[in-house]
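Here the protein sequences come in this chain order: A and B. Counting with the working numbering, you get residues 1 to 118 for the letters of the first sequence. Counting with the working numbering, you get residues 119 to 231 for the letters of the second sequence.
Rather than coming from a laboratory, the hints here were simulated on the basis of the structure. Given the structure is predicted, the values throughout are model-derived calculations rather than measurements. Ideal Cβ placement from N, Cα and C applies to all residues, glycine included. Heads up, a few of these hints could be off.
Stated by the list, open to error - Have a look at the derived ranges for each label pair, beta carbon to beta carbon:
#1 A:I11 <-> B:V170: 41 to 47 Å
#2 A:E17 <-> B:Q159: 23 to 29 Å
#3 A:T20 <-> B:P157: 23 to 29 Å
Stated by the list, open to error - Mimicking DSSO-like on lysine-lysine, the simulated pairs with C-alpha atoms at most 30 Å apart in a straight line are:
#4 B:K188 <-> B:K201
#5 A:K38 <-> B:K189
#6 A:K3 <-> B:K201
#7 A:K3 <-> B:K188
Residues per chain, in single letters:
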Amino acid sequence: AQKVTQAQTEISVVEKEDVTLDCVYETRDTTYYLFWYKQPPSGELVFLIRRNSFDEQNEISGRYSWNFQKSTSSFNFTITASQVVDSAVYFCALSEPRRGSTLGRLYFGRGTQLTVWP
Amino acid sequence: DGGITQSPKYLFRKEGQNVTLSCEQNLNHDAMYWYRQDPGQGLRLIYYSQIVNDFQKGDIAEGYSVSREKKESFPLTVTSAQKNPTAFYLCASSIGTGPDTQYFGPGTRLTVL
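From just these sequences and the hints, can you work out the full model?
Take a look at the structure:
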């Protein structure tokens, strides 16, 4: 079974604080992919990052960084110096590999609502 | 601009009526998906299509139907058999299936009155 857990339902921070969103996943596959999406109040999901299970290097993109640790099955997302525009729901997702004609589907966590106050 | 469009943004329906949600993409993607999102929930897969004239049920297909007559279009019909249709519906597409990144449309918020 596949499962993604985002234990933090809501997080509130004040602008310029750093914030980390947690994501823990379960899978029996050795090859898999992890994703983060952002859902602003407008509703559209915006793709942020995709990582495969063989690449444990941390990723940094501007104020965003991701920490992938297979030993703890976690793929955490950190926003440095948060801004009001970062306020959104953030989803972590897991994809299993495609087998034959079987869809390699995405399994989503329930999301973390981040509110950044000015 | 390449992207995914969904229409309408808001939709109201009376109980017992079928309603069709539109999803169009010009990304030349083969695969398309429909998800349902309820408050405080993650996204749940309704239907997906890997190629034209082919589609498969996801986790919560009951009460929904789809068609894929064109590569660009993947409309979703919410039938009167769907017991709790009020939700936010998101359409997505990807180059293929498997671990390909899915890109999402702006969504349609359906309310049953």
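To see whether the hints hold, each was checked on the structure:
Separated by about 42 Å at the C-beta atoms, A:I11 and B:V170 satisfy the suggested range of 41 to 47 Å. Our hint of 23 to 29 Å for A:E17 and B:Q159 holds, since their Cβ atoms are close to 27 Å apart. Separation of A:T20 from B:P157 is about 24 Å and conforms to the stated range, judged on CB atoms against 23 to 29 Å. Distance restraint check for B:K188 and B:K201: the Cα-Cα separation of roughly 29 Å lies within the 30 Å cut-off, and the hinted pair is therefore satisfied.
A hinted pair counts as satisfied when its Cα atoms are at most 30 Å apart, and A:K38 with B:K189 qualifies at roughly 27 Å. A distance of roughly 26 Å separates the Cα atoms of A:K3 and B:K201; the hinted pair therefore holds under the 30 Å criterion. In summary, the hint linking A:K3 to B:K188 is not supported, as the alpha carbons are separated by about 33 Å, beyond the 30 Å threshold.
Hint 7 from the earlier list is the only one contradicted by this structure; the remaining hints agree with it.
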